[in-house]
Amino acid sequence: MAPHPGIPVTVRPARPDDAPAIARVHVDSWRETYAGIVPGDFLASLSYERREQMWKSGLEHPGWKGVLFVAEAPEHGVVGFVAGGPPQEPDGEFSCELWALYLLRAHQGKGTGGQLFRRFTSEMASRGHSSMLLWVLAENPTTGFYERMGGVKVREREIEVGGKKLVEWAYGWRDLGTGRW
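Everything in the sequence shown is counted per this note's numbering, starting at 138 for the first residue and increasing by one.
Everything labelled a hint here was simulated from the structure, so no lab data went into it. There's no promise every hint is true.
If you anchor each label on the Cβ, the simulated ranges turn out as follows [said to hold, decoys possible]:
1. Gly177 / Pro153: 20 to 26 Å
2. Ala243 / Arg285: 17 to 23 Å
3. Val289 / Pro211: 32 to 38 Å
4. Val291 / Gly314: 15 to 21 Å
5. Asp154 / Gly265: 27 to 33 Å
6. Arg242 / Asp178: 31 to 37 Å
7. Arg255 / Ser182: 17 to 23 Å
8. Gly265 / Ala181: 38 to 44 Å
9. Gly300 / Glu186: 33 to 39 Å
10. Gly300 / Arg187: 17 to 23 Å
All figures in this text were calculated on a predicted structure; none of them were measured in a lab. For glycine and all other residues, C-beta sits at the position ideal for the given N, C-alpha and C.
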């Protein structure tokens, strides 16, 4: 999907001073996306401060193997981000994992998610990664986005979030060079 005309967004590598804005997008996106899916008390317990510290510690650590890009819109600041790196549960089938792609609801459907996704996959391919996996809650209303980006559902698992059992789907890309299975 091409960028939406009239909504200029810059996708760039994140810096440690972006951590507060990344945390805001992370927490607010969870609350917007998962309301009615994840227990409300869990969503209410999400902390900007804890997320800020998590992202800041990664960005400041010289040995961090993660990749983090932000989408920045004029007059709005950081409106989304994408992060990933080595697979969290390496199995040899996929060389990297997209850990998180979040965009504030007001900026969804305008091509920004696609820009973030393509920038991330291009960066991972340039680092020698050939395939990618990501996990997403099955009830996430944006699963179709990953299918439009060429992902194929390859796995399913049950997880627990806030005391509620939920299903996660894994989407895979076998060829990051073409973005296809």
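Quiz item: For this structure, which hints from the list above don't hold up?
Solution: 1, 6, 7 and 9
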